[in-house]
Amino acid sequence: MGNGGDFGIALYEGGHELVGWVNDVSCHGSSTILTQTSRHNQWFHVALSWMGDEVYLFLNGNLLSTCKNSSAYRRNGQQVYSDTFSNNSLMLIIPPSSNRDYRLAVGIVNIWETIIDSEMGISDFMGLTRAEGTNFAKASHYWPMNGLLTYLAPGRLLTSNVVTSKDRRNVDGAAMCTTDSKLSHIVLTGDIRPGGKYTNLFYSCLYTLSQCTKIIFTLDFLLNGDHGYANRDYVLLASPSGRANVGITITLNPIEQLLKVEHRSNTKNCSSWANLEDIKHVGGKWINLQVFIADGSVTLQLNDMDVQNLNPTLCTISQFSPLDYTSSPFPKIVIGEELGVCVSNVAIIESSKQDDLVPPSMVEVCYPGADVIFPLEGSFPNRFGNPNKAADLSTFTGRKISKKLSGCLNNLMVSCSEISLSFWLLVKRMDSSIVDMNNYMVMSTGPTTYQGISVAIEYPTIPNSFNLIVKLVTFDSIYLIFSTNYWKTDEWVNVGIVATNGENSMGITMELYRNGLPLMTTSSPFFKDASTFYPKNPNSGVYFGSSIATIPKMNAVHIASGGVNMFAFWLQRAASCGTPRSSYMHLMGECSSNETLPEVVPCQSASNCRLSTNGVCLENSVDNIYSMARGVSLISSPSAILSLLHIVEDVLVNQSIISGSEDEKKLLWSGVVLLNRLSIVEQSSAFEIELLQNMAEDTLDYLLQFLDVLLKPSHKNVWRELRDTYLTKPPEIVEAMAAMLRALRLENSSTIEIARKTNFVTSFSSFKNAPTFNGVQPMKVFESPTSWRNSDVKTYTVSILGADTPSETMDILTLPKQYFWKDAENDNKLKSGSINSPVLTSSVRSLTSVENTLYDYTINLLIKNEFKESATARRTDCLHWKAKSVEETGEGLMEYEVKCVYWDEKNGSRWNSEQCSVIKSNVTYTVCRCNGTGSFAVAMSYPDDDDSFWKTAGAVSQEWYELLKLFLNIATNSISAASLVVLALYLSWKNTLPELRDHTKVKLNLTMAFIGYHLCFMIFPLLEEIEVLCKIIGALEHFFTCAALGWQCLNSCYIFNALINGKLRSSWKMNICIAWVVNAVIVSVIACSTSASDYGTGLMCSPTGLSSYIAMAESSLFLLVSLAACTILLCNIDTPAYLHPKIIEALQNEMYGSVTMTAFSLAVFVTGVVMIYDNRPYIVFIFWMLNSVQGCLIAVVMGLLDKSNVVRKRKFSEFVETSQILGSSVNFTQDKEEVNEHSEFGDLEIGDGVMIGDEMDSEKSEKRE
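Mapping to this note's numbering: the sequence shown position 758 is 758, numbers consecutive.
Mixed in with the good hints there might be a few duds.
In silico PhoX-like pairs for lysine-lysine, Cα to Cα no more than 25 Å straight-line [unchecked claim]:
1) Lys403 x Lys536
2) Lys868 x Lys951
3) Lys990 x Lys1001
Label pairs and their calculated CB-CB ranges [as the list claims (entries may be wrong)]:
4) Ser749 x Asn555: 50 to 60 Å
5) Leu597 x Glu690: 27 to 37 Å
6) Pro322 x Asn594: 43 to 53 Å
7) Arg243 x Glu914: 57 to 67 Å
8) Ile462 x His646: 20 to 30 Å
No lab work stands behind these hints, which were simulated from the structure alone.
Note that the coordinates shown come from a computational prediction; the quantities given were computed from them, not determined experimentally.
Beta carbons: idealized from backbone N, C-alpha and C, even for Gly.
When you get a sec, could you build the whole thing from the sequences and use the hints?
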């Protein structure tokens, strides 16, 4: 195949030679394997890779040859191309007419722009994983369970009742699973020969060893669940099914975990067995089985572990028949008929008499997209223990170079703006007694003499460890990463380095990865001088170990001792701390991503820094701070973190950060993340801890100061927004502070005691002088006498961390805010509570173990608990006198249940209360008794909907509610009371119609009742907290309310009798009895019978219980009668009784006033009932406003609008019955003079000066006529 001559691949010399050419460069290699009869109708993979004057030719992933100019082979290949006919639709290639014995089918053609220069990189181009590619390259027969090869030859894999599953590499669908049913199995066959009865598997050395010295039968398998197997052998794999023929049978006893392999030849039956419990599992419980079969021996390897020495081969002489030709397809390998098993990657690897058989490695190595891969094989065992697979640094010779790599290294970070590299390193331990400050080189492309990148190590004073130094040199700058405390000697570790040239003059960013995970970064040059110029390496390439000394001018460098293996190089960013799964797979050489790692995490993107330490940028810009926090996992220095915290504080305090802005969000988030990271202090080097210990108090005091700045109430709203995006987990701030406290105080040093607002830290050695916080010792220890030793040296530490914004505190600390526990009375019921305290963290360091020790922790509450009486008063605005009594004594039941909890790291990182109990609980604090140290808090079952009365009433705050309560009741009721006093004086002294004097008495009593009513509501806010006075006010409210409504009812009834019935007289004694006496008796009887228990217990000291119902019934009755009278009056307003017009006019005016007062009283009554039984928003304020202006309304209606005071002249006053006035009631016989002389009216004038007596005479004369 090809494009007409410029490039192509051809079979030559009858298929024994494979030729590949590109332009003038060609290559060839042996392809005799293609001509073997057993390989007909079998797929092969051919790859041609070209760069410049080099061509690489691959067959089934094996590098055949690397060739340069060979025009003869090019001409041969072009001739084959010109003589070949093809059918594009069928992708069938027909050979030249001279040889028509074979045809070629082309399945897939891929053209890539990336060169392949080694077998390590061919798997990506084959569309296979590394394991599949290795098996495909080595095996004469190979059966993957899915993918390209299965698609190309579907007849080689037959299944019944199986399901796909993940394989050992955790790849979906790469394994097939059977059950223990006969109907569930997997059948493997070979490639079917046209017209034949059997497949090419018939020729396999598995059934006859005459053509091979040794074969390897390999597969990956996993038991599929536990189906209650008996203690016997089950067939895992068999070919053929019976044991009378030559072939192989693999059995497994799941109970005993015994695996047995039996191979039958014509004359022998050889077997071997292994105990699966003795092997080391990889990829879960998957087992890689390799059966090595030779004449007279069967040996096993399980997960690359040789079990031959434990279980030698046992052979017996037996005769076995050849394969049965009647089976179809023939022959076949049956898997899983008796045993539930998952299987992947079954292969048969055969060797000819002269070949050396090399089994495929169980562990895969993949470097996706790598431009250059150097296996670096030598005399050193690699990380899997396989011998001769890694290079010894001390004996490494020669450089490693390729065309792609050379182009990048000659102009580093310019021609290739992004590079990534990865290699495996083992550093041998050095004698720790020797102090050596030299740098020992591992790898270099030129530094420090030339431009390039290098890796060196340094041996610190800490035994069994080394420091890693990564250096990148450009023409005028040196970038340096110095990593400590993460590297151990005599252990294989993967070193990954990414370097990117930033845009917009941001400079070069260099990232360091350890075992695929980000470790640290730097974006600032360690040294930069425009006048300095570092030259290029004249012999560019990658040098390892001793070969570094061959670089010009670098012969005196020190070389590290150890091994190196698998160097991969990418001309792009192959890793990012933002994509850990992908980074892990690329750098570690894994063939599948690690699913335990997240797909995406925040990643550091630091700008070019002028000031940095340990790879940490210290620029005071918000963007840089945010970048450092996002890459906080790359920071390993507490000193660098403290420097960053100072910068965060300075920006928050001294720069004008707009509240609620993105900058404020970034700074607050960054502050918490950086503070959390301080927990690494306990893993820091001894030198750095010693530096911090010298300024321990200043450091801890600053951290509390920083916490105050971070958690100021002004940031509360921003923290609410950040709550859903802040995803970090404990240990968080709590553990970070505790770690700092433990690490910074020296044994036997003076007590540390630092307090700032709600936050407190202390460390001390004796409870005799134990520090106190808020007047109490936060921690007390009770030890049994047997556990105490005077010689013990103990160090106690306590940290209490909270915030000024109680409702936000636990969210900021990112510990779970909810805790659930079982109800003591009902195990099936769960209770829940919110963490309602700062977190108190304690620790004890002792030279001897302390047993039978109890610890009392006094923990303040963020949201105060309440006495039950106080909670009732808050919710109902009642019983304030009872709440005050309990609060003054400090003794009473708490409203909310509390639980002492501790942070349980051992059982799933959660709150737990099993080791703690509540000793004492108060409104402001709780004393917890626990049997250990750790992090503690108090959970309180505080409901979210426990709203106060003022809140449901619609007030902005409790202060506003109390202010409105005082104003609307004291101020406006006092105005009404004053108005009514004026009205009473007016009614007492005014001149009125003599016939309406009884009505005036009713109105005067009505006024007095409402004066008492308003006085009660005026003074109740001042007496709510005094029990006796509140009860008295409640009784008076009952009395005056009913009395006022009673007199209002009598007022309506009087007007009704006058206008409807014409009666102007009323029974005064009866009125007094109804309005005053009856109400007084009712109130007295209730007070005596209940000991006044109902009074003073309701809203506004009003009565509750039976007393409230009685008062309501009385009020309802009076209002109902009054409403009925007013309704009848309004209906008969046009037909009043026969009265003098002046009296009718006065009474009608009084009628309208009575209707108005009755309607208003009804509105006040209904509003009051709604307020008491359903506290809707604003209803209480509406009631207080309406209720307090009743007196003003009455004063206006009965005073300013009164028309019964229009008398202009009065000669004398003598009482006469109204019936004597009205013609309809009495017939007068006296003449006008007699009437004028003795009449009650005398000379009263009406209208235009006409006397009442004259008018009456005129009417009388008209009637007589």
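For each hint, the structure was consulted:
no. : hint                        : verdict
1   : Lys403 x Lys536             : holds, 17 Å
2   : Lys868 x Lys951             : holds, 19 Å
3   : Lys990 x Lys1001            : holds, 12 Å
4   : Ser749 x Asn555: 50 to 60 Å : holds, 52 Å
5   : Leu597 x Glu690: 27 to 37 Å : holds, 35 Å
6   : Pro322 x Asn594: 43 to 53 Å : holds, 49 Å
7   : Arg243 x Glu914: 57 to 67 Å : holds, 60 Å
8   : Ile462 x His646: 20 to 30 Å : holds, 29 Å
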